[in-house]
Amino acid sequence: MSHAVPLVILAAALLAGCGSKGQEAAVPPARVVLVTTVHATPDAPVHSLPGTIRARVESDLGFRVGGKVIRRLVDTGAYVTTGQTLAELDPIDLELQLQQARAELATASTARDAAVHELTRIATLHSGGWSTGSDLDRQKTAAQEAIGRFDRAVRAVTLAERARGYGTLQADADGVVTATMCEPGQVMATGQTAFRVARLDEREAAVAVPEAMVDDLRHGTARVTIWALPGRSFAARLRELTPNADPATRTYAARFSLPDAGPDLMLGMTATVTITRAGPEVVHVPLSALLDEGHGPNVWVLGSATGTVEKRAVTVAQYGDDDAVISAGLRDGEQIVTLGVQTLRHADHVRPISRLPS
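Quick note on numbering: the sequence shown equals residues 14 to 371 in our numbering.
No wet-lab data here; the hints were simulated from the structure. All values reported here derive from a predicted model rather than from experimental measurement. Treat the hints with care, as some may be off.
To be verified - Simulated restraints, written as ranges between beta carbons of each label pair: (1) T98 - T289: 46 to 54 Å; (2) H232 - H52: 22 to 30 Å; (3) T356 - D334: 19 to 27 Å; (4) R368 - L242: 35 to 43 Å; (5) T54 - D187: 21 to 29 Å.
Even for Gly, the Cβ is constructed at its ideal location relative to N, Cα and C.
My request is simple: use the sequences and hints to build the entire structure.
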């Protein structure tokens, strides 16, 4: 009996020791967490701007002389070729001006010949001592003036002949008439616009750009889609950007050239210019993946080799309605916890799943 008590105490101690070691060696079960794989993509803001297809060169044509329109040979929408007659002025006044210039030329020619002949006569008399030097000098001056009047009369005839030709207005390039501003019987002033002609060799997209998009416009790439041509897009290049904003709309007028545009791209068609500007790579994560305990945003990153999680600080570039744009702290292909981040601790063992069970 005296030996039985120590044996019971020893057995109890051994059992207690075994129980303590079992508790120390026990590993808590891995927690099930919802994870997602992040992918780095270029931060490329995209802007879409409505616009209109226009001709790069659209010229206002007018007569180089004034007069009364007697014929208009084309209407709005007509296709014209280089040298084609568009309208004509009454030629009577122009012809009379030419006749007057020619008459003045004939008079100046006669006066010049007479002055030169008289100069020759006086020079002969002067050489024989029958005329004074002052007489010779006066006749030289008169002859020079007569020659000058003759030269001016020749140029006046040339100008009158050209003016008579200006009474016919011709197209200076192939194109389409987009506006007519003259009618038969109308008196046109010199240089007054009679037609507007758009050349068809180059087309552009004209858009109005808000001031917040100007920088992306200068450094981005552009493509143009046409509402009437579904499924097609055209490469575009910024050719012109006005330096001053429109005072009413506070937008800047821009022109994009379309080197690949064909004849099916008609003037006035509705266009959409899409601007894409490439930027640094960023990662989009759900807002539920972010943990902020007062020291900045963090995420839990899953270690694929250890099966544990690691808290990592990240830089948020932008918050959205459902996600956040991470500009630093994550790499392409890493897995992060997206649900229940407040209950995790560093180095917790987890069992990742990609979606919740239905």
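Which of the numbered hints are not met once you compare them with the structure shown? Going through the list in order, the structure violates hint 5 alone and respects the others.
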